[in-house]
Amino acid sequence: EAQVTQNPRYLITVTGKKLTVTCSQNMNHEYMSWYRQDPGLGLRQIYYSMNVEVTDKGDVPEGYKVSRKEKRNFPLILESPSPNQTSLYFCASSLLDRGLEQYFGPGTRLTVT
Amino acid sequence: SQKIEQNSEALNIQEGKTATLTCNYTNYSPAYLQWYRQDPGRGPVFLLLIRENEKEKRKERLKVTFDTTLKQSLFHITASQPADSATYLCALRSSSASKIIFGSGTRLSIRP
Numbered sequence: 001e002a003q004v005t006q007n008p009r010y011l012i013t014v015t016g017k018k019l020t021v022t023c024s025q026n027m028n029h030e031y032m033s034w035y036r037q038d039p040g041l042g043l044r045q046i047y048y049s050m051n052v053e054v055t056d057k058g059d060v061p062e063g064y065k066v067s068r069k070e071k072r073n074f075p076l077i078l079e080s081p082s083p084n085q086t087s088l089y090f091c092a093s094s095l096l097d098r099g100l101e102q103y104f105g106p107g108t109r110l111t112v113t
Numbered sequence: 114s115q116k117i118e119q120n121s122e123a124l125n126i127q128e129g130k131t132a133t134l135t136c137n138y139t140n141y142s143p144a145y146l147q148w149y150r151q152d153p154g155r156g157p158v159f160l161l162l163i164r165e166n167e168k169e170k171r172k173e174r175l176k177v178t179f180d181t182t183l184k185q186s187l188f189h190i191t192a193s194q195p196a197d198s199a200t201y202l203c204a205l206r207s208s209s210a211s212k213i214i215f216g217s218g219t220r221l222s223i224r225p
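Sequence lines, in order, name chains A and B. First residue of the first sequence: 1, per my numbering; consecutive thereafter. First residue of the second sequence: 114, per my numbering; consecutive thereafter.
Just chain A, same shape as in the assembly:
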C-alpha cells in the first residue's frame, strides 16, 4: 500500500530535550516536505527536499533541522525544543513532475512543556 508513515504519532517532551520525528514513504517520490499546523494559521511549510541531499527552507524553518540521506526517509529534528513548537506536524511526499500533488502522513502531535 502506497503510504507516508510518521513516528511517533504522539509525543510529550520537555524543553531542550532533542527529538527526532521520522518520516518514510514507499512511493519513490523525489519531493518530501514537513509542515506544522496550528489553529488559525493553517499548514506552514518548515523544510522541503527535492531529492537526496537537497533540502531547502520553507516559511518557518527556525528551530528545526532536516536531512535527506535516503530517498524514502526525511526525518525532522528539533535540537532544543521549546513550547512554541507544540503543534501538529505533517510529513508529505510527491513526484516532482505531477505539480507536487502531495501525499500526507497521519501526523505527529507534539507537546513541549
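Worth flagging that the hints you see were computed from the coordinates, not collected in a lab. Quantities reported herein were computed from a predicted structural model and do not represent experimental measurements. C-beta atoms are modelled at their ideal positions from N, C-alpha and C, and glycine is treated no differently. Treat the hints with care, since some could be wrong.
Unchecked claim - Taking lysine-lysine and the DSS-like style, the derived pairs with C-alpha atoms no more than 30 Å apart in a straight line are:
1) A/Lys-57 to B/Lys-184
2) A/Lys-71 to B/Lys-212
3) B/Lys-212 to A/Lys-69
4) B/Lys-212 to A/Lys-65
5) B/Lys-172 to A/Lys-57
6) A/Lys-17 to A/Lys-71
7) B/Lys-172 to B/Lys-130
8) B/Lys-116 to A/Lys-65
9) A/Lys-18 to A/Lys-65
10) B/Lys-212 to A/Lys-57
11) A/Lys-18 to B/Lys-212
Stated by the list, open to error - Covered, in the sense of this in silico footprint (three residues per stretch, anywhere, with C-beta under 8 Å from a C-beta of chain A), are these stretches of chain B:
12) 152 to 164
13) 214 to 220
What the hints assert, rightly or not - Sample of chain B residues lacking proximity to chain A, with all beta carbon distances greater than 12 Å (derived):
14) Glu-128
15) Thr-139
16) Glu-169
17) His-189
18) Asp-197
19) Arg-206
Starting from the known structure of chain A, fit chain B onto it as the hints suggest.
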C-alpha cells in the same frame, strides 16, 4: 508578503446544494493551485490540481476554476452530501520555486 486567504472560515449548507469555496491570493504568481480535503485529526488528502494556463478542472462532483487576473480560485462541490463535511485547503506553488503555501482552510458542514 505572499498571502492566501480562504474567505470563509466556515460554510454551512443544505444537502443537495452546491458548495462554493473561495481561495484568493496576493503577491504571488502561482503556476499550480491545489485543493485538499482534511478530516479532523487526519492528514490532508489531495483532490484536484489546476495549472495557471487552465481555466477549469473537473473530477466527478468537484469543479475548480482558476482566474489569474482576479487572483482567485473557486472550488465547487455539486449535489453536496453530509459525507462532504470536512475542512478544505487550497495551496499554491510557483513555477520558480518548490515552496508550497497553504490557506488556513474552510470548514464545510453539509446538513441533511
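Do the hints match the structure? See the list:
At roughly 25 Å between alpha-carbon atoms, A/Lys-57 and B/Lys-184 fall within 30 Å of each other, so this suggested pair holds. About 19 Å separates the Cα atoms of A/Lys-71 and B/Lys-212, which keeps this hinted pair within 30 Å; it holds. With a C-alpha separation of about 20 Å, the suggested pair B/Lys-212 and A/Lys-69 falls inside the 30 Å cut-off, and the hint holds. As the CA atoms of B/Lys-212 and A/Lys-65 are separated by approximately 16 Å, the hinted pair is consistent with the 30 Å bound.
With a C-alpha separation of about 33 Å, the suggested pair B/Lys-172 and A/Lys-57 falls outside the 30 Å cut-off, and the hint is violated. Restraint check for A/Lys-17 and A/Lys-71: the C-alpha separation of about 27 Å stays at or below 30 Å, so the hint holds. Straight-line distance between C-alpha atoms of B/Lys-172 and B/Lys-130 comes to about 17 Å, which keeps the hinted pair within the 30 Å bound. Of the pairs offered as hints, the one joining B/Lys-116 and A/Lys-65 holds, with about 25 Å between alpha carbons and a cut-off of 30 Å not exceeded.
A C-alpha spacing of about 11 Å is found between A/Lys-18 and A/Lys-65, which places the hinted pair at or below 30 Å, so the restraint holds. Taken as a hint, the B/Lys-212 and A/Lys-57 pair is honoured in the structure, with Cα atoms around 8 Å apart against an allowance of 30 Å. Taken as a hint, the A/Lys-18 and B/Lys-212 pair is honoured in the structure, with Cα atoms around 26 Å apart against an allowance of 30 Å. Residue count for the stretch 152 to 164 of chain B with a Cβ under 8 Å from a Cβ of chain A: 8. That meets the three needed, and the coverage hint holds.
Coverage of a stretch by a chain is defined here by at least three residues with a beta carbon nearer than 8 Å to that chain's beta carbons; for the stretch 214 to 220 of chain B and chain A the count is 5, and the condition holds. With a cut of 12 Å on Cβ distances, B/Glu-128 stays outside the contact zone with chain A, its closest approach being about 27 Å. No Cβ of chain A approaches the Cβ of B/Thr-139 within 12 Å, the least distance being about 15 Å, so the stated non-interface status holds. Its beta-carbon lying about 16 Å from the closest one in chain A, B/Glu-169 satisfies the requirement of being farther than 12 Å from that chain.
Remark: the non-interface label on B/His-189 is consistent with the geometry, its nearest Cβ contact in chain A lying 19 Å away (cut-off 12 Å). The Cβ of B/Asp-197 lies farther than 12 Å from every Cβ of chain A, with a closest approach of about 19 Å, so its non-interface assignment holds. Residue placement check: B/Arg-206 does not keep its beta carbon more than 12 Å from all beta carbons of chain A (closest about 5 Å).
Of the numbered hints listed earlier, those contradicted by the structure are 5 and 19.
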